[in-house]
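Engineer: Using the hints, position chain P against chain D.
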Amino acid sequence: MLQIFVDPQYNFIGRRRWAYLISIVFILIGVGSMVAKGGLRYGIDFSGGTLIQVRFERPVPVERIRAALERIRLGESVIQEFGDPREFILRLPLVETSAEAVTRQVQEALGKDGSLGKLEVRRVEFVGPQVGRDLQIQALYAVLWSMAGILIYVAIRFDLKGGFASIAAIIHDVLVCLSAMSLTNREMSLPVLAALLTIIGYSVNDTIVAYDRVRENRGKGTRKGQSFESQINTAINQTLSRTVLTALTVFFSTAVLYVFGGKVLEDLAFVLTIGVVTGTYSTVYIAGSLIVDWTLWVEARSRRGKKVMAKA
Amino acid sequence: MRRNLPLRIAIVAVVVIASLVYLYPPPGVRDFLYGPVTGAPTSNPWIPRTLNLGLDLQGGIHLVLGVDLDKALEAQVERATGTVRAALEKKGVAVGRIQRRGSTELVVELASPQSFTAAQEALTELGSFESKEADQAAGRVVLALRPKEAATLRELAVRQGLETIRNRVDQFGVAEPSIQQQGDNRILIQLPGVQDPERAKALIGKTALLEFKLVDDRMDPERALKEGPPEGTEILYQRRVDKETRQESRVPYLVQTKTHLTGADLSTARVSIDQTTSEPYVSVELNTAGAKAFAELTAANVGRRLAIILDGNVHSAPVIRERIPSGQAQITGGFTSEDATDLAIVLRAGALPAPVQVLEERTVGPSLGADSIRQGMIAILASTALVSLFMLVYYRLSGLIANVALGLNLLILLAVMAGFHATLTLPGIAGIALTVGMAVDTNILIFERIREEFRSGKTVRVAIGAGFSRAFKTVIDTHVTVLVSGLILFQFGTGPVKGFAVSLMIGILASLFTAVFFTRLIFDLIYMGSRKVETISI
Chain D
11 MLQIFVDPQY NFIGRRRWAY LISIVFILIG VGSMVAKGGL RYGIDFSGGT
61 LIQVRFERPV PVERIRAALE RIRLGESVIQ EFGDPREFIL RLPLVETSAE
111 AVTRQVQEAL GKDGSLGKLE VRRVEFVGPQ VGRDLQIQAL YAVLWSMAGI
161 LIYVAIRFDL KGGFASIAAI IHDVLVCLSA MSLTNREMSL PVLAALLTII
211 GYSVNDTIVA YDRVRENRGK GTRKGQSFES QINTAINQTL SRTVLTALTV
261 FFSTAVLYVF GGKVLEDLAF VLTIGVVTGT YSTVYIAGSL IVDWTLWVEA
311 RSRRGKKVMA KA
Chain P
2 MRRNLPLRIA IVAVVVIASL VYLYPPPGVR DFLYGPVTGA PTSNPWIPRT
52 LNLGLDLQGG IHLVLGVDLD KALEAQVERA TGTVRAALEK KGVAVGRIQR
102 RGSTELVVEL ASPQSFTAAQ EALTELGSFE SKEADQAAGR VVLALRPKEA
152 ATLRELAVRQ GLETIRNRVD QFGVAEPSIQ QQGDNRILIQ LPGVQDPERA
202 KALIGKTALL EFKLVDDRMD PERALKEGPP EGTEILYQRR VDKETRQESR
252 VPYLVQTKTH LTGADLSTAR VSIDQTTSEP YVSVELNTAG AKAFAELTAA
302 NVGRRLAIIL DGNVHSAPVI RERIPSGQAQ ITGGFTSEDA TDLAIVLRAG
352 ALPAPVQVLE ERTVGPSLGA DSIRQGMIAI LASTALVSLF MLVYYRLSGL
402 IANVALGLNL LILLAVMAGF HATLTLPGIA GIALTVGMAV DTNILIFERI
452 REEFRSGKTV RVAIGAGFSR AFKTVIDTHV TVLVSGLILF QFGTGPVKGF
502 AVSLMIGILA SLFTAVFFTR LIFDLIYMGS RKVETISI
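Those protein sequences? They're chains D and P, same order as listed. Read in order, the letters of the first sequence are residues 11 to 322 in the numbering used here. Read in order, the letters of the second sequence are residues 2 to 539 in the numbering used here.
Hints were generated in silico from the structure; no laboratory data involved. Ideal placement from N, C-alpha and C gives every residue a C-beta, glycine not left out.
If you want the footprint, here are the derived chain D segments under chain P, 3+ residues with CB under 8 Å:
no. : stretch
1   : 129 to 137
2   : 156 to 169
3   : 201 to 208
4   : 214 to 220
5   : 265 to 279
With the rest of the complex left out, here is chain D:
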């Protein structure tokens, strides 16, 4: 029998302060990079604008395209190679004119420069300012609603404490994903949002498995004198192999998608991959640890309360 963990006895919870530190440092770096870059970059889905994907007959230097576009003065445009030296994404800011007028102008400008050769417009996306704003608000609601949904489910299935610890883990995962995006210069788009929502649903899975185990163990009768801290740690260890294995297969899928799925799906696959890793980590270190700290804090307070009462 092939097995990755044989009766694991790792002391996860005991080292939780280190985990907190690592998470906080990573998120601080990520948030710092977001601040330094003037916020997370929004794709045209959210910011509005025009995106044109073109393919040339042969590889073309970016500077030539930039020079050709500067002549028509459409404002600050972003030019990116897109998976192939012949293929580019041109992102143009919102302008008064319509998408096809912009496309035509771009096509003419690029056509005029004979050295660029023939080109094919493969994709045009135009998002007006109204739609972009609507999507931003809807996206926020979507994230909040799915968190609320999960909070309610975990609270009903287990308890409110577990629900809040799960939400904390989810927020942690989302922040890690956003940090990773900022550090790798990726932009927030609709597919990325889809990936984030999926991670929100997925990352809580392992947490539920671990909580469920705590309850099951209690049902069997815990060893006398076992602290809550140690109960959680035991449950995490007992479910460790399935936590890691399930994450591993999903990781295989998302990594394959990242490598083979093509440029259009790359950001979505990236966020899913990061999310699977951090989702597994947060089950062990964030959700489990927070619930322990919370319980310890509540116990400490009630003890203090009793002492005060005794004195009085």
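Structural biologist: What follows is chain P alone, placed relative to chain D:
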């Protein structure tokens, strides 16, 4: 637990056969399941033809248009001017000016303040307006469109816009277009496989309000431009393009504001070719009422010029030579034959009740779509291969069973998508690739539990039974959370992203059947037989 084996085998068999039939229907069944016409055949032989591909995979245009509802109300309120005037005059109230204010109000000025009471009485009888302000001394009443009426008109405008666009698209000839209302004032249009997006958009987005107005010759247009047009007239332009230099010039016309006929008075419009210049033009035929009005108009204005105006642009302004009783008119103006065809289409389909604005547009060329399909297929295959290999190495025979279950899962996923006419998009393909990784998770949860039970000293059969039943609760938990975020994503997402939610949710639900029900059946068949089993390949 070898209960109901024949029934369980039968259920699995039915599901497999049904899935295959839905995905690859035999010719006769196909029409029964999907109706006589189904999507354009895909160029990729690997994709079953019963799957409905999204625009990002087969190429096409996705448009979201916003209907300018204020403009629609303005037009309606403007039109009500006549009704209000008639209602007042019927009661013998002389009316001065009636002017629209904002998009929902009319300012009525009476000829004399004495008739104020009579006027107020007459105005209360108007169903769709209510009196908002009244100034007896000045003889002025401000009417406002009732909020309920305004809401109805807004709704009507969107519905009418939807209908008109549907007519135009039908006449343009697009296979399987989708035109739907989205939110309060938006229209979502999806045109798969359209080759010329610019033309399609011009055709859909044109308001196509055709108006016939008399040219006012009392003043030179140039002077009117400087001094402002006299009351009851306005300045409109004709756009002329020089054929040689391709320079565009704008010629001003002074026309009367009163509209004598509109596109609503047309019975049909078609393209004709001028015999002498061989230039295409659009000939229109008026309906009975329109023809009568046109005959009267031409009879009364022989020698004057009649401006034919489309969306506020003068197309031509021919001189009326004689009374025209036939109700035939021609719209000329240097058309290409494509322009003329499209104009005839929009005139036949009718005008949009209000201008529309492109809020969102996504156009994907067919070559990009084909690339996306290829890359997506590779991703799904590679993901399946890697995950299957892992399961096989880690769980051996049980891994093989899980892999068969995974294959069944993909089959059911695609069949359900075909059966419900769900659209497969590129993010949807990503959802399938992700489903591969998540579907085996259910098997992993079960297998790990069986291993654990087995290690704790239980016999094979007891371990299997306990493994399945104990893991089941966990399986439900994990499904619920993914479904919660999937549903919210579906609710929120547009187009392609919705496809991601759809394939993920179907895949996750299918895994309940394949990873639990089907896998259990196979385990029962192998291990729960009469012979004694001591070991389990897991």
